[in-house]
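Asks: One letter stands for each residue in the lines below.
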Amino acid sequence: MADLIQRPTFFEGQILGAGDLTGSLEYARSQMARHQRTLHTWGIAFGLELTGEPQVVAGENVKAVTLTPGMALDITGRQIVVPEAVQLSDAAFELVNSGVSDDTLWFPVFLSGLDETSTAVTVFGDVCGPGAAARVAEGFELTFGHRGEEQDLADQPVPGIDAGPSGAPGEQSARVLVGYVQWQPGAHRFKDVAPHGGEVPLRFAGVAADEVVARGGTLVLRSHATPESGTPTVVLDGEARELRFGPQDTRGSVPDPVFTVTADGDVKAKGRFADARTAGVQVESGVATDGVLLPLPPGISEEDVASGRVVVHAHVTPRLDGVGGVPDTVICRVDARRVHCRVDAGGGNTAPGRCDYTLLAVVPQGGS
Amino acid sequence: MSPDATVIVVAATGHVLGMVTHEGDPDGAPSAAAVAGEAFPLRDGASGDVFVDVPVAELATSAVPVVDDLLRTPQSCAVADGAAIFVPASASVALDGKKIKISGAQRPPKDVDVRVFVEHGQGSDRQRAVLKGTLLKGAQELTFPSELEPGDYDAVAAVPGNAPAAASLSVPP
Numbered sequence: 000m001a002d003l004i005q006r007p008t009f010f011e012g013q014i015l016g017a018g019d020l021t022g023s024l025e026y027a028r029s030q031m032a033r034h035q036r037t038l039h040t041w042g043i044a045f046g047l048e049l050t051g052e053p054q055v056v057a058g059e060n061v062k063a064v065t066l067t068p069g070m071a072l073d074i075t076g077r078q079i080v081v082p083e084a085v086q087l088s089d090a091a092f093e094l095v096n097s098g099v100s101d102d103t104l105w106f107p108v109f110l111s112g113l114d115e116t117s118t119a120v121t122v123f124g125d126v127c128g129p130g131a132a133a134r135v136a137e138g139f140e141l142t143f144g145h146r147g148e149e150q151d152l153a154d155q156p157v158p159g160i161d162a163g164p165s166g167a168p169g170e171q172s173a174r175v176l177v178g179y180v181q182w183q184p185g186a187h188r189f190k191d192v193a194p195h196g197g198e199v200p201l202r203f204a205g206v207a208a209d210e211v212v213a214r215g216g217t218l219v220l221r222s223h224a225t226p227e228s229g230t231p232t233v234v235l236d237g238e239a240r241e242l243r244f245g246p247q248d249t250r251g252s253v254p255d256p257v258f259t260v261t262a263d264g265d266v267k268a269k270g271r272f273a274d275a276r277t278a279g280v281q282v283e284s285g286v287a288t289d290g291v292l293l294p295l296p297p298g299i300s301e302e303d304v305a306s307g308r309v310v311v312h313a314h315v316t317p318r319l320d321g322v323g324g325v326p327d328t329v330i331c332r333v334d335a336r337r338v339h340c341r342v343d344a345g346g347g348n349t350a351p352g353r354c355d356y357t358l359l360a361v362v363p364q365g366g367s
Numbered sequence: 000m001s002p003d004a005t006v007i008v009v010a011a012t013g014h015v016l017g018m019v020t021h022e023g024d025p026d027g028a029p030s031a032a033a034v035a036g037e038a039f040p041l042r043d044g045a046s047g048d049v050f051v052d053v054p055v056a057e058l059a060t061s062a063v064p065v066v067d068d069l070l071r072t073p074q075s076c077a078v079a080d081g082a083a084i085f086v087p088a089s090a091s092v093a094l095d096g097k098k099i100k101i102s103g104a105q106r107p108p109k110d111v112d113v114r115v116f117v118e119h120g121q122g123s124d125r126q127r128a129v130l131k132g133t134l135l136k137g138a139q140e141l142t143f144p145s146e147l148e149p150g151d152y153d154a155v156a157a158v159p160g161n162a163p164a165a166a167s168l169s170v171p172p
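First to last, the protein sequences are chains A and B.
Position 270, counted from 1, in the first sequence is what numbering that gives the first Met the number 0 calls 269; the numbers after and before it change by one each time, with no gaps.
Position 94, counted from 1, in the second sequence is what numbering that gives the first Met the number 0 calls 93; the numbers after and before it change by one each time, with no gaps.
No lab work stands behind these hints, which were simulated from the structure alone.
A quick note: this is a predicted structure, and the numbers were derived from the prediction, not measured.
No residue lacks a Cβ here, since even glycine has one placed at the ideal position from N, Cα and C.
A few of these clues could be false.
[Claimed, not checked] Pair ranges (Cβ atoms, derived):
1) A/335 to B/102: 34 to 42 Å
2) B/129 to A/53: 53 to 61 Å
3) A/322 to B/98: 37 to 45 Å
4) B/82 to A/261: 40 to 48 Å
5) A/102 to B/129: 44 to 52 Å
6) B/109 to A/322: 27 to 35 Å
7) A/322 to B/44: 46 to 54 Å
8) A/322 to B/106: 55 to 63 Å
9) A/198 to B/110: 51 to 59 Å
10) A/261 to B/129: 53 to 61 Å
11) A/320 to B/125: 52 to 60 Å
12) B/44 to A/359: 26 to 34 Å
13) B/106 to A/269: 36 to 44 Å
14) A/323 to B/82: 15 to 23 Å
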């Protein structure tokens with residue numbers, strides 16, 4: 000059985016040592032890391048965008064690449080805080096990826112947490128021996144990967160449930176992808192920067208939850224933190240007892256939803272169904288003339304019919320609309336959706352005729 | 000009925016071969032393949048059998064307002080300026096020796112593309128060809144340069160300004 004987690008406790012008159020106080024901090028820090036890695040998913044939580052400032056060096060268009068301030072959670076639950084913008088080192092890139100000649104390739108940039116022991120302080124002069132550090136800086140490290148190395152992020156080890164966050168001195172830190180850079184070999188500078196250049200997209204921190212509960216009675220899902228007019232939004236409205244989906248306005252509300260379903264099951268939808276292959280019957284009707292292949296209802300394809308997922312029934316009748324008199328119909332039938340409709344043209348000849356048609360496309364249960 | 004119909008036309012000449020309205024998706028514009036399949040069958044007036052098939056590659060669709068002529072004689076209509084209009088049966092197609100010749104056409108106000116759909120043989124051996132030519136401004140006749148092999152042919156000529164002209168042609172040995 001693994002050791003149980005120990006929570007420091009104190010009693011009156013206890014002489015507190017450094018280990019007691021450090022243990023209190025480590026307890027809280029490990030508790031936070033467990034919360035982060037079990038109730039959240041790791042990734043960028045805020046900021047941390049790679050930006051490029053255009054420059055011309057040695058006649059080449061290059062960029063000075065900067066990481067904006069922000070915070071990320073690594074896979075161990077460690078918070079990695081970048082308090083101010085930091086410029087990426089061209090020299091550090093060349094140390095890892097020397098001899099790059101193709102300026103179209105993208106290379107990953109990683110961020111990891113790194114504890115740094117501050118300068119030691121001396122207590123009571125030198126009387127009681129050498130001093131020890133009284134602070135640990137929760138720093139960070141920016142590193143460059145080889146091309147494709149970002150795919151290794153998925154294989155980072157997940158610490159045990161009782162473990163603390165990574166980043167202790169001498170310990171390999173977990174990494175978070177913050178973007179990609181291209182290299183301009185002629186100028187020995189970064190050529191470009193992008194959030195999506197390599198095999199793996201940026202990963203953002205999320206929530207691991209089987210239940211999300213609104214406190215005010217309305218739950219909202221947005222694609223952007225700041226409401227942007229026109230971006231899609233989902234609203235679960237407890238007061239109206241309905242779910243709405245549609246573009247939001249600048250205040251973050253959805254005044255004109257395109258899809259609504261009430262708690263009673265009533266559905267209102269705008270637009271059209273692109274794929275109507277749900278169980279049931281789709282209908283098309285109208286007028287057709289000789290030779291026409293009757294059109295399928297919206298959302299039903301020729302492939303659906305050919306594969307047997309949809310069964311088509313068609314019915315035609317001569318159209319007696321009185322246009323040009325009542326036609327003397329010779330034949331009016333439909334074969335494999337092809338209309339064969341002829342009217343008497345005199346002298347033993349026929350001419351193309353017209354008919355009303357009804358076409359049913361039947362999708363059986365489980366047929367989609 | 001929706002105010003517009005989808006007409007299936009010969010793309011190069013605008014001749015209407017068929018029309019269909021569709022209530023389920025009135026704003027949609029089905030493709031030529033959706034309402035014609037691989038080819039549109041033009042039937043023989045006497046027998047009702049398929050005379051020639053117009054391949055889908057030569058077809059297009061267009062949405063036009065429904066007019067009586069479209070319902071009464073769809074294959075005597077053509078699409079011009081977004082509307083279906085009646086066109087007279089003036090042109091004829093015949094043989095000039097071993098060559099296909101169009102004559103009696105309405106004089107076009109400008110050079111116009113002409114198509115002749117020709118079929119030869121029976122059953123699975125039936126051969127299909129599309130002859131392409133240009134009827135010059137003011138001209139009434141057009142002879143296609145290629146000579147036909149001896150045999151029986153079915154041909155439908157689509158000449159702008161004229162209803163489609165059909166004929167069975169026999170090239171002697």
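Asks: Work down the list of hints and note, for each, if the structure agrees.
Replies: Against the structure, the hints:
1. For the hinted restraint 34 to 42 Å between residue 335 of chain A and residue 102 of chain B, the CB-CB distance of approximately 38 Å keeps it satisfied.
2. The beta-carbon spacing between residue 129 of chain B and residue 53 of chain A, approximately 56 Å, falls within the hinted interval of 53 to 61 Å.
3. Take residue 322 of chain A and residue 98 of chain B: their Cβ atoms lie about 40 Å apart, and the range 37 to 45 Å holds.
4. Checked against the given bound of 40 to 48 Å, the beta carbons of residue 82 of chain B and residue 261 of chain A, roughly 46 Å apart, stay inside it.
5. Distance hint for residue 102 of chain A and residue 129 of chain B: a CB-CB separation of about 51 Å, consistent with the stated range 44 to 52 Å.
6. For the hinted restraint 27 to 35 Å between residue 109 of chain B and residue 322 of chain A, the CB-CB distance of approximately 33 Å keeps it satisfied.
7. A hinted range of 46 to 54 Å is violated for the C-beta pair residue 322 of chain A and residue 44 of chain B, which are about 20 Å apart.
8. A C-beta distance of roughly 31 Å is found between residue 322 of chain A and residue 106 of chain B, which places it outside the suggested range of 55 to 63 Å.
9. A hinted range of 51 to 59 Å for the beta carbons of residue 198 of chain A and residue 110 of chain B is consistent with their spacing of about 56 Å.
10. A hinted range of 53 to 61 Å for the beta carbons of residue 261 of chain A and residue 129 of chain B is consistent with their spacing of about 57 Å.
11. Between residue 320 of chain A and residue 125 of chain B the beta carbon distance is about 36 Å. The supplied range of 52 to 60 Å is therefore violated.
12. Between residue 44 of chain B and residue 359 of chain A the Cβ separation comes to about 32 Å, which falls inside the hinted range of 26 to 34 Å.
13. For the pair residue 106 of chain B and residue 269 of chain A, the beta carbons lie near 53 Å from each other, so the given range of 36 to 44 Å is not met.
14. Take residue 323 of chain A and residue 82 of chain B: their Cβ atoms lie about 19 Å apart, and the range 15 to 23 Å holds.
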